[in-house]
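Trainee: For the record, the sequence lines run as chains C and R. Just so we're aligned: the first sequence equals residues 0 to 281 in numbering that gives the first Met the number 0. Just so we're aligned: the second sequence equals residues 0 to 251 in numbering that gives the first Met the number 0.
Among the clues, some could well be false.
Cβ pair distances, simulated, as ranges [stated by the list, open to error]:
(1) C:Thr173 to R:Pro38: 31 to 41 Å
(2) R:Ser176 to C:Trp175: 50 to 60 Å
(3) R:Gly150 to C:Ala91: 33 to 43 Å
(4) R:Arg115 to C:Thr269: 49 to 59 Å
Think of the hints as simulated: they come from the structure by calculation, not from any bench. Every residue gets a Cβ at the ideal spot worked out from N, C-alpha and C, and that includes glycine.
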Amino acid sequence: MRNRFVAQRVGFALLTLAALVVVIPILTIVATIFIRGAAAINWEFLTAMPRDGMRAGGIFPAIVGTIVLTLGTAIVAIPLGVGGAIYLSEYARDTWLTRSIRLAIINLAGIPSVVYGLFGLGLFVLLMGFGTSIVAGSLTLAIMTLPVIISTAEEALRAVPTEFRTVSASLGGTRWQGIRYIVLPQALPGIITGVILGLLRAAGETAPILFTVAAFYLPRLPRSPLDQTMALPYHLYVVSTQVPGMPAKIQFGTALVLLALVLSLNIGATMIRSYFRRRRQW
Amino acid sequence: MSEPKIQIQNVSYAYGDQQVLRNITLDIPARAITVLFGPAGGGKTTLLRLLNRLNDLVEDGRMTGRILLDGADIYAPGFDVPGLRRRVGMVFALPLPLPGTIRENVTYGPKLAGLRDHARLDEIVERSLRQAALWDEVKDRLDSPANALSGGQQQRLCIARSLALEPEVLLLDEPTSGLDPISTAKVEGSLLILREQYTVVIVPHSVQQASRIADYAAFFLMGELVEHQPGKRIFTTPVDKRTEDYVTGRFG
C-alpha cells in the first residue's frame, strides 16, 4: 500500500515538473517581450509610418500588412480547407486515392515553411504573374495553412456520430442537407479551432512571405491586392538583423505587437468556440 | 385482402462476403402491424433498412431481388430516394434526438421538404406529438432541448418526428429495447392506434411483444424467412419446428 502511494506521489511530481518545463520558457519569453517592449508602445508607434530608416516612427504599415495578409489567407484557405474536409469525411469512399490524399495532407503539414515560400515564388509570383504582391503572399500562406485546416476539420466532422446522418437521411434529407443542418453545426467548434490554428501560424510566418509579398521598407499602406506590403514577422526580422543601430525597444515593441495580435486572435477564437459549444450539444 | 402495400420479391443481401438475407419473399399488407421477429443476426434489421433504402449508405452492401411500394420498384434507377424516405419513415432502436429543441426535432423533416408556413408547422408539431402520445407531457416546453427528455419520451419524440412527414409506412427497429415497461406500454399503445392509418413494420424486442401487437408475423432465422402467417397463429400453432422451438423459448 505504502509503495503505491509513494509511486503515485513521485508520478504526480514528475508530471507537474514536465508541465512546468513546458510552461516556464513560454512565460519567460512572453514576460521578456512584454517588459522590454511595453516601453515602445504608444499611439505613434502603432499608427505612424516608420521614419529614419525604421529607427524611429511607427510600424503601422506592418500591422496593416499582417492583418490584410491574414484576412487574404482566410478568404482562400477557409472555403478550400473546409470544403476539402467535407469531401474527405462525407463524400469520398475509402479508396487508395483518398488514402493517398490524406497521407499527402499529413506530409504537407510537415514541410518547412521556406519551401512553401519558394513554391509561392515559382507558381504565384512568376508563373501566374501576380508579381510580389498581397495576392501571391496570401495564396502562399493559404497553401501552407490548408493541411492544418483540412486535417483538423476532417477530424471534427468524423467525430459527429454517424447516426445523426442516418436519422437525417431517414427523414427525407439529402446527404448535403444532413451535412448542412446537422453535421456542420456539430463540428463547427472543432473546425474553428483548426482554422484559427492555421491562421495563427500564417500570421506569424516569415519565410513564405519573404519572396512573395514582403517589402523591406515601404512607408505607406498597400494600394491594391497586387501591391507589396510590409508585414510584422518580416519587419521583426529586418529590424532585428538588417539595420545597424536599431534601438532595442523598437525590436521588442514589434515583437510585442505581433504577439498581442496573435494572442487576441487566439482568445477571440476560443470565445467563438465556447459560444458554439454552449449553443449546440448532444 | 387488398393489394399489399409492400412486396418483397426474392431479396438477398450481403455485406461484403457475408450473406445476411437469403431469397426473401414477403407481402406486407396496408394498415396493419407486420412483425418481423427471430433471434439476433437473422437479418430483420437489414430487411427493414432495405425498405426505405437506408442501406444505400452502407458501402459494400449488395442486394438482389425487387422491393415494390404500391407496385413501384423502389430500387429502379432514378427513383426519388429522399421522397421514398418521406413516405417510409423509420424509428431506430436507440432514440437519438437531433441537436436542438423538441419543436425543431419534429419540424426537421417537413422543413427539409420545403415547408415554411409557421401555422402549418405548429399544426404538424401538435398532431405528431399527440399521435406519439407525447403531447401532454411536452406541450409546455416545446422549445426546450430535446435531449433533456427521458429515454421513453425521446423514443416517442423520434416516432413523432417520423410521423411529422405523414408517412404511408412506419418502420420500427426494436423501438422499445431501451425503455422501461411503462414507456413500452405507451409506445405499443400508440402503435395500435397508428395501424388504423399507417402500414407498420416492426422488429419487436421480444417474442412477447411480437405476440401482443402482431396483425401479421414473419419469423426470420439466419437470413431466412422460415414462415409467416396472418394474426397471432404463428405464436400458438406454428407450422415449422424451428418457429415452434423459438416461440416456446427453446432457443433464442
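Trainee: For every hint, state whether the structure bears it out.
Mentor: Evaluated hints:
1. For threonine 173 of chain C paired with proline 38 of chain R, a C-beta distance near 36 Å keeps the hint of 31 to 41 Å intact.
2. As the Cβ distance of serine 176 of chain R to tryptophan 175 of chain C is approximately 32 Å, the hint placing it in 50 to 60 Å is violated.
3. In this structure the supplied range 33 to 43 Å holds for glycine 150 of chain R paired with alanine 91 of chain C, their Cβ-Cβ distance being about 35 Å.
4. Between arginine 115 of chain R and threonine 269 of chain C the beta carbon distance is about 36 Å. The supplied range of 49 to 59 Å is therefore violated.
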